[in-house]
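Asks: Below, each chain spelled out in residue letters.
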Amino acid sequence: MPFLLLLIFFLLSPDPAAAYNLKGRVRVLPPLPAPEPVAVNADQAGECGSVITAPALRISAEGFVQDAVVYLEEDFPPPSEPPAVPAVLDQKNCVFSPHVVLVLPGSAVEIRNSDGFLHNVRAFDSKAVMLFNEAMPRQNQILKKIFSEPGRFTVRCGIHRWMYAIVVVPKHRYYAVTDGGGRFALKDVPAGNFTLAVWHERLGELRRPVDGQTGEIDLIFPSK
Amino acid sequence: MEALLVALLVAGPQMTAGNSAAGMTVARQIIPVTVRVEFGPANLPAFETVVRLPRKDATPGEAVRQALPAEKGAVCCHPEEIKGIGGVSVDPLNNRWWRVAVNGESKRVSPHKTRLKAGDVVLWTYFQEAQ
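Here the protein sequences line up with chains G and S, keeping their order.
Numbering-wise, my numbering puts 123 at position 123 of the first sequence, and it's gapless, one number per residue.
Numbering-wise, my numbering puts 1073 at position 73 of the second sequence, and it's gapless, one number per residue.
You may find that some hints are simply not true.
Said to hold, decoys possible - Mimicking DSSO-like on lysine-lysine, the simulated pairs with C-alpha atoms at most 27 angstroms apart in a straight line are: (1) S:K1072 with G:K127; (2) S:K1117 with S:K1107; (3) G:K171 with G:K23; (4) G:K144 with G:K127; (5) S:K1107 with S:K1072; (6) S:K1113 with G:K127; (7) S:K1072 with G:K145.
Said to hold, decoys possible - Example chain S residues on the side facing chain G (calculated, C-beta under 8 angstroms, incomplete): (8) A1046; (9) V1050; (10) G1073; (11) V1075; (12) K1083; (13) D1091; (14) P1092; (15) L1093; (16) E1129.
Claimed, not checked - To be clear about the criterion: a stretch of chain G counts as covered by chain S if any three or more of its residues have a C-beta under 8 angstroms from a C-beta of chain S, and this derived list gives those stretches: (17) 128 to 142; (18) 154 to 164.
In case anyone wonders, no lab produced these hints; they're calculated from the structure.
Backbone N, C-alpha and C define an ideal beta-carbon position, used for all residues, glycine too.
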């Protein structure tokens, strides 16, 4: 009988080494920040239209936040496997797509020009040091660049001055960027107590502890 | 003849010395330039002063470096551009930059190439563009 009880105990106890998928959604409380129109210079309106919607505040009607960067704050081994496909940053209709992209350190990002006119791509690190500045005059032109160090980088077009994107080079594999529904998923998170952080360029930062919870986690920004 | 020799003996050294009593010599001419810095979205008070620059070094970049601590670095096209003034740096994420005008004109003004004249007014403005 004691042996049976011991067996049942071990069968029901959680495996301390079991990894799990950490999923959730990022949202912001109402009143929701409104999308911001950006007036285009008259001499560029023929290429780009007269108004662009600013990409920094892509929030659904329910308050779910796109383009938030979710990650574990603790140190983990750096990602060791190259991505199956390179990250892509496209210049199309005078905006960068996606607005926020994850690029593994040491791997290439393909910067594309899907527009039929000149763009100019400049990248800056978080200390405003310019890393490169290249013209992309042709449609379907591809520029491959490698970001070697972890960090957040701003990529801008020097000609269409409202155009920008954020490149996030993660320190480890537990990073994600939320989709249009505010969803994120960190796969194979080891069991243990960690700090889950979220960063959004306009809404700021949040943190909360995680401890192998099942079910979805909500990260909620207060209203601005 | 003696009068000419005396005149040369008195005036000669002053013609070749580093600084004459008037502050300008043929060898090294110093010009006054007004520098004004407006910090815009950085929410700092505007700053204005008059600097005195050797004519040969009188550029908008050099003028502001005489007025306030200023950081050089490539923002677009050249490592001699100005990327920070008075501790306020360009902010590529928020689309904030420094712009320079000389005597109210900003087109074709280069921080490191435009040559200033005595009495010029150099305005550096921190500004934010929509995005």
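Asks: Each hint: holds or not?
Replies: Here is what the structure says about each hint:
{"no.": "1", "hint": "S:K1072 with G:K127", "in the structure": "holds, 13 angstroms"}
{"no.": "2", "hint": "S:K1117 with S:K1107", "in the structure": "holds, 17 angstroms"}
{"no.": "3", "hint": "G:K171 with G:K23", "in the structure": "holds, 19 angstroms"}
{"no.": "4", "hint": "G:K144 with G:K127", "in the structure": "holds, 22 angstroms"}
{"no.": "5", "hint": "S:K1107 with S:K1072", "in the structure": "holds, 20 angstroms"}
{"no.": "6", "hint": "S:K1113 with G:K127", "in the structure": "holds, 26 angstroms"}
{"no.": "7", "hint": "S:K1072 with G:K145", "in the structure": "holds, 25 angstroms"}
{"no.": "8", "hint": "A1046", "in the structure": "violated, 22 angstroms"}
{"no.": "9", "hint": "V1050", "in the structure": "violated, 29 angstroms"}
{"no.": "10", "hint": "G1073", "in the structure": "holds, 7 angstroms"}
{"no.": "11", "hint": "V1075", "in the structure": "holds, 7 angstroms"}
{"no.": "12", "hint": "K1083", "in the structure": "holds, 6 angstroms"}
{"no.": "13", "hint": "D1091", "in the structure": "holds, 7 angstroms"}
{"no.": "14", "hint": "P1092", "in the structure": "holds, 4 angstroms"}
{"no.": "15", "hint": "L1093", "in the structure": "holds, 5 angstroms"}
{"no.": "16", "hint": "E1129", "in the structure": "holds, 5 angstroms"}
{"no.": "17", "hint": "128 to 142", "in the structure": "holds (count 4)"}
{"no.": "18", "hint": "154 to 164", "in the structure": "holds (count 7)"}
Checked against the numbered hints above, the structure breaks hints 8 and 9 and satisfies the rest.
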